[in-house]
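J.: Read off the chains here:
2 protein chains.
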Amino acid sequence: MRNGKTKTTLEQPQGLRPLAESFPNSRKIEVGDLKVPVREISLTDGTSIQVYDTTGPQGCDVRTGVPKRRAEWIAKRKDDKTPTQLWYARQGVITEEMRFCAIREGVDPELVRSEIARGRAIIPANIHHPELEPVILGRNFLTKINANIGNSALRSSIEEEVEKLQWSIRWGADTVMDLSTGKDIHQTREWILRNAPVPIGTVPIYQCLEKVDGKAADLTLDLFLETLEEQALQGVDYFTIHAGLLLEHVPMTAKRRTGIVSRGGSIMAGWCLAHHQENFLYTGFERICQLMAKYDVAFSLGDGLRPGCIADANDAAQFGELKVLGELTEIAWKYDVQVMIEGPGHVPLHKIKENMDLQLEWCHEAPFYTLGPLVTDIAPGYDHITSAIGAAIIGSMGTAMLCYVTPKEHLGLPDRQDVKDGVIAYKIAAHAADLAKGHPGAQDRDDLLSKARFEFRWEDQFNLSLDPETAIALHDESMPAPAAKTAHFCSMCGPHFCSMRISQDVRDAAAAKELAEAQAGMQQKSAEFLQKGGEVYLAAAGVDVPVP
Amino acid sequence: MRNGKTKTTLEQPQGLRPLAESFPNSRKIEVGDLKVPVREISLTDGTSIQVYDTTGPQGCDVRTGVPKRRAEWIAKRKDDKTPTQLWYARQGVITEEMRFCAIREGVDPELVRSEIARGRAIIPANIHHPELEPVILGRNFLTKINANIGNSALRSSIEEEVEKLQWSIRWGADTVMDLSTGKDIHQTREWILRNAPVPIGTVPIYQCLEKVDGKAADLTLDLFLETLEEQALQGVDYFTIHAGLLLEHVPMTAKRRTGIVSRGGSIMAGWCLAHHQENFLYTGFERICQLMAKYDVAFSLGDGLRPGCIADANDAAQFGELKVLGELTEIAWKYDVQVMIEGPGHVPLHKIKENMDLQLEWCHEAPFYTLGPLVTDIAPGYDHITSAIGAAIIGSMGTAMLCYVTPKEHLGLPDRQDVKDGVIAYKIAAHAADLAKGHPGAQDRDDLLSKARFEFRWEDQFNLSLDPETAIALHDESMPAPAAKTAHFCSMCGPHFCSMRISQDVRDAAAAKELAEAQAGMQQKSAEFLQKGGEVYLAAAGVDVPVP
Numbered sequence: 001m002r003n004g005k006t007k008t009t010l011e012q013p014q015g016l017r018p019l020a021e022s023f024p025n026s027r028k029i030e031v032g033d034l035k036v037p038v039r040e041i042s043l044t045d046g047t048s049i050q051v052y053d054t055t056g057p058q059g060c061d062v063r064t065g066v067p068k069r070r071a072e073w074i075a076k077r078k079d080d081k082t083p084t085q086l087w088y089a090r091q092g093v094i095t096e097e098m099r100f101c102a103i104r105e106g107v108d109p110e111l112v113r114s115e116i117a118r119g120r121a122i123i124p125a126n127i128h129h130p131e132l133e134p135v136i137l138g139r140n141f142l143t144k145i146n147a148n149i150g151n152s153a154l155r156s157s158i159e160e161e162v163e164k165l166q167w168s169i170r171w172g173a174d175t176v177m178d179l180s181t182g183k184d185i186h187q188t189r190e191w192i193l194r195n196a197p198v199p200i201g202t203v204p205i206y207q208c209l210e211k212v213d214g215k216a217a218d219l220t221l222d223l224f225l226e227t228l229e230e231q232a233l234q235g236v237d238y239f240t241i242h243a244g245l246l247l248e249h250v251p252m253t254a255k256r257r258t259g260i261v262s263r264g265g266s267i268m269a270g271w272c273l274a275h276h277q278e279n280f281l282y283t284g285f286e287r288i289c290q291l292m293a294k295y296d297v298a299f300s301l302g303d304g305l306r307p308g309c310i311a312d313a314n315d316a317a318q319f320g321e322l323k324v325l326g327e328l329t330e331i332a333w334k335y336d337v338q339v340m341i342e343g344p345g346h347v348p349l350h351k352i353k354e355n356m357d358l359q360l361e362w363c364h365e366a367p368f369y370t371l372g373p374l375v376t377d378i379a380p381g382y383d384h385i386t387s388a389i390g391a392a393i394i395g396s397m398g399t400a401m402l403c404y405v406t407p408k409e410h411l412g413l414p415d416r417q418d419v420k421d422g423v424i425a426y427k428i429a430a431h432a433a434d435l436a437k438g439h440p441g442a443q444d445r446d447d448l449l450s451k452a453r454f455e456f457r458w459e460d461q462f463n464l465s466l467d468p469e470t471a472i473a474l475h476d477e478s479m480p481a482p483a484a485k486t487a488h489f490c491s492m493c494g495p496h497f498c499s500m501r502i503s504q505d506v507r508d509a510a511a512a513k514e515l516a517e518a519q520a521g522m523q524q525k526s527a528e529f530l531q532k533g534g535e536v537y538l539a540a541a542g543v544d545v546p547v548p
Numbered sequence: 001m002r003n004g005k006t007k008t009t010l011e012q013p014q015g016l017r018p019l020a021e022s023f024p025n026s027r028k029i030e031v032g033d034l035k036v037p038v039r040e041i042s043l044t045d046g047t048s049i050q051v052y053d054t055t056g057p058q059g060c061d062v063r064t065g066v067p068k069r070r071a072e073w074i075a076k077r078k079d080d081k082t083p084t085q086l087w088y089a090r091q092g093v094i095t096e097e098m099r100f101c102a103i104r105e106g107v108d109p110e111l112v113r114s115e116i117a118r119g120r121a122i123i124p125a126n127i128h129h130p131e132l133e134p135v136i137l138g139r140n141f142l143t144k145i146n147a148n149i150g151n152s153a154l155r156s157s158i159e160e161e162v163e164k165l166q167w168s169i170r171w172g173a174d175t176v177m178d179l180s181t182g183k184d185i186h187q188t189r190e191w192i193l194r195n196a197p198v199p200i201g202t203v204p205i206y207q208c209l210e211k212v213d214g215k216a217a218d219l220t221l222d223l224f225l226e227t228l229e230e231q232a233l234q235g236v237d238y239f240t241i242h243a244g245l246l247l248e249h250v251p252m253t254a255k256r257r258t259g260i261v262s263r264g265g266s267i268m269a270g271w272c273l274a275h276h277q278e279n280f281l282y283t284g285f286e287r288i289c290q291l292m293a294k295y296d297v298a299f300s301l302g303d304g305l306r307p308g309c310i311a312d313a314n315d316a317a318q319f320g321e322l323k324v325l326g327e328l329t330e331i332a333w334k335y336d337v338q339v340m341i342e343g344p345g346h347v348p349l350h351k352i353k354e355n356m357d358l359q360l361e362w363c364h365e366a367p368f369y370t371l372g373p374l375v376t377d378i379a380p381g382y383d384h385i386t387s388a389i390g391a392a393i394i395g396s397m398g399t400a401m402l403c404y405v406t407p408k409e410h411l412g413l414p415d416r417q418d419v420k421d422g423v424i425a426y427k428i429a430a431h432a433a434d435l436a437k438g439h440p441g442a443q444d445r446d447d448l449l450s451k452a453r454f455e456f457r458w459e460d461q462f463n464l465s466l467d468p469e470t471a472i473a474l475h476d477e478s479m480p481a482p483a484a485k486t487a488h489f490c491s492m493c494g495p496h497f498c499s500m501r502i503s504q505d506v507r508d509a510a511a512a513k514e515l516a517e518a519q520a521g522m523q524q525k526s527a528e529f530l531q532k533g534g535e536v537y538l539a540a541a542g543v544d545v546p547v548p
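Chains H and V, in that order, give the protein sequences.
For what it's worth, the numbering used here labels the leading residue of the first sequence as 1, then goes sequentially.
For what it's worth, the numbering used here labels the leading residue of the second sequence as 1, then goes sequentially.
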């Protein structure tokens, strides 16, 4: 058991503590006419930094939902037949959503528009989801993370699901997928959407399967389209659709070590096998596009054949499907529907690059959205770590969004602590990727935190971190006294042995030496000056006397 | 607080539970005449797998220590003047230590000898440490991990330190560094060594500083040599020595964001600055080599100028020192002393490769031993994760040993849970690296675990994992009933929605189809056979009728 403690029960919904308790010395502020939310962290040296904020409006009644900030933007476009961000971008129009994202990312709105027009980025933003704070997903923007929530036949309640949403975005989830499969699936989704400032994704085939009492063979395209419309009208922003899994791929999985591990993939494989017909999501793909274009629901083209273990990585089934996803991307684009592509899964380190390379080539640089990948199979209970390793690497190669994995992966349904552990591990992976991509300003927070660390400004170090609560708690385990938070040492080395302190001495000594040399230099120059007869001179490269 | 629980006190030493409770269905066995320890995990399908084992002899009285398995091997070499593994390897001798490592790694003993002779691998094995189960560190062997333990001026007791050693190796630490700085430093080390089946490393300058009451300026080469001898006689297997930090490097750190973060590095920089003289560890390096050769203590050439934050990565100070470490490597080799090279620190993803490339080039492929690296600064409390990401990558590039980082890094002194969290994160990183390096047999455990997972053999999945306790505990949070451990589904999807089950159906269907086709094929062949007049034929590529 982690921490050597035993959990006796799953947490019940209890309401979240105020944001300020999770993030001391932070406040939410709004930027510009579009009221883009940012979180401003105030430091004890009088400076501050603004960081990307996903926490959404606070203190709203969950039965009312959060404010409908997009309502006006959407209303004025009501006559447009294809109200997708891709369609507008192709018309040269910079929408409010694009401008919103540009402010969030600190980039030119024209970059946002052109990347969307080219299919290299998407803003999943259903016209029936006015509560949304738009988010852009693409390789030239900040790396995003997704958290999955959802009940299951075994447990979980609707109130719990909304709280899981709020909990996920508190720690930084950029989008949330509702993977519910229970009987209250429609109502759960409604509550989640009305409370969601982030894009919500679903896997509609799950609900379809509920409608046919779990009999995959009874699924039809009409039922599917009907379900898509039902969910699109609620405001779902992106649909995972396993249209690339073809009948011919199914036998390729029979010799795999872990067969088909995607739920959606296995459902469609089951259907194909039962009917010995081509996947109706593939044959009916254009009708699906037409429907999704009406609402601006984005495709997340599902990788139903993703590898479920190291042994199955990068095999013929996986890459066969990926190639089809590339064909489907072009069809979706024809209908002005935004597309991203889902990726693996379980992949050893040396096989990750091939995934990114082939996805870029075959899928025409449509945004990649990967699950991890997990770089080994041997650590159930720690798969947030095994997968954060793969996620950081594929993120640094340009994956647009990383789907989180929690410590409960392969073992059970994540609880609140698992969700947080998964989100934080993925914030680390995404940020590491942004540093590697050289995203403008990404390193600012690292720099400020390291400066605070070096200067023993403990509270600033905590408050600049991804999870101040945990940083403070771990610090207090060793040095609980309040005075320790201003101590010029930490418990690792003790008061007489602190490398940071010695290093500061070195710096002071170096500065003193530089000052002494500068003074000596000035005296010499002064002597030279007098020797040369007192004429004024300047060194070619500027004044060459260092001024301390 | 992790898990939402509050810790009230640091754990007191309490004795570890029996190994079998941490690793159900495992037993320790000994292989061959050298009695190489392995752990055999028995599976419910009647098969088993042997895994590398670092846990050491169990049930010994800590006041007596563990058995002296090397005593005989060492005794018969007592007349050799330079009893180092490097010297023997260069003479063409395969020592018991080399043979022991070859069995552990499943490789040819000659490979072990030749890699050591070439300086590309080391077996840290002081002749005064007969309790050691030898371990090989090198890019062509399994990636190893090191755990740091040690008291500090603020807390910790001797009993606690021995238990930390045992706790670290239970979860897989391959070597342990004793970084104690308190007053009982000699006695603590003695207890650790007498109970250590793994190589023990130290940073002798810490004890030297104790001897001069913390005044770095009072350090001398003679005091240092005296301390080395004291520790070498106790049996320390490798010394971190910061001999590559030169006087000329010190000013390069003054403009750094976090200066010098290595304790040893800052001590030596302080000395250089105080005396305005060259580092005495550099000027006295040959005398140090002569001493270490007598006992076969290996060098871990310290990176006193490793970057302490992302901003300082790969700077002139860091690489200036690395280049000197390469020169020192050649000097140590001249004296037949084994060498490894310490590396960073904090490095963003895109700057990791340069570290490995330059280390290989400048240090002549001597084993690299890196601390992480941490790929971002913004996650105090989670630096086991930020650093496991960097460690997996640099490990896959050939780093021989990864020095763990715990969640307490930058915050405080790790307790038992932190040590375990750090070790497991690093076992993940090391194993991911071994998969990527294609180490023979590394994937076997992944394959068996994934097969168990696919076949719903829950207990086998748990027992094959790095930490069965945690896997079981997380599983039981969702499905506590004993029956659930044999359930053909898990709580993520529930009983009617399991992709593993559907996938098994697909596999069964495919097998049935293949059988049907095979039968149809045979009937056709049979008909052809009769048509052609009954002559016997074989297809070119073998019998072409698939036999199910």
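Source of the hints: derived by calculation from the structure; they are not laboratory data.
Among the hints, a few may not be true.
Remember, identical chains collapse to one label, so a pair may be satisfied in a single copy or spanning two.
Unchecked claim - Result set (EDC-like, lysine to aspartate or glutamate): computed pairs, CA atoms no more than 20 Å apart in a straight line:
id : residue 1 : residue 2
1  : Lys-323   : Glu-278
2  : Lys-255   : Glu-455
3  : Lys-35    : Glu-330
4  : Lys-28    : Asp-61
J.: State for each hint whether it applies.
T.: Status of the hints after comparison with the structure:
Taking the closest pair of Cα atoms, Lys-323 and Glu-278 come within 20 Å of each other only inside a single copy of the chain (16 Å); across copies the shortest separation is 62 Å, beyond that limit. Proximity of Lys-255 to Glu-455 under the C-alpha cut-off of 20 Å is restricted to the inter-copy arrangement: shortest distance 14 Å between copies versus 58 Å within a copy. In this homomeric assembly, Lys-35 and Glu-330 never come within 20 Å of each other (Cα to Cα): the closest approach is 35 Å inside a single copy and 62 Å across copies. Taking identical chains as interchangeable, the C-alpha atoms of Lys-28 and Asp-61 lie at most 20 Å apart only when both belong to the same chain, with a minimum of 19 Å there against 58 Å between chains.
When held up to the earlier numbered hints, the structure conflicts with hint 3 and nothing else.
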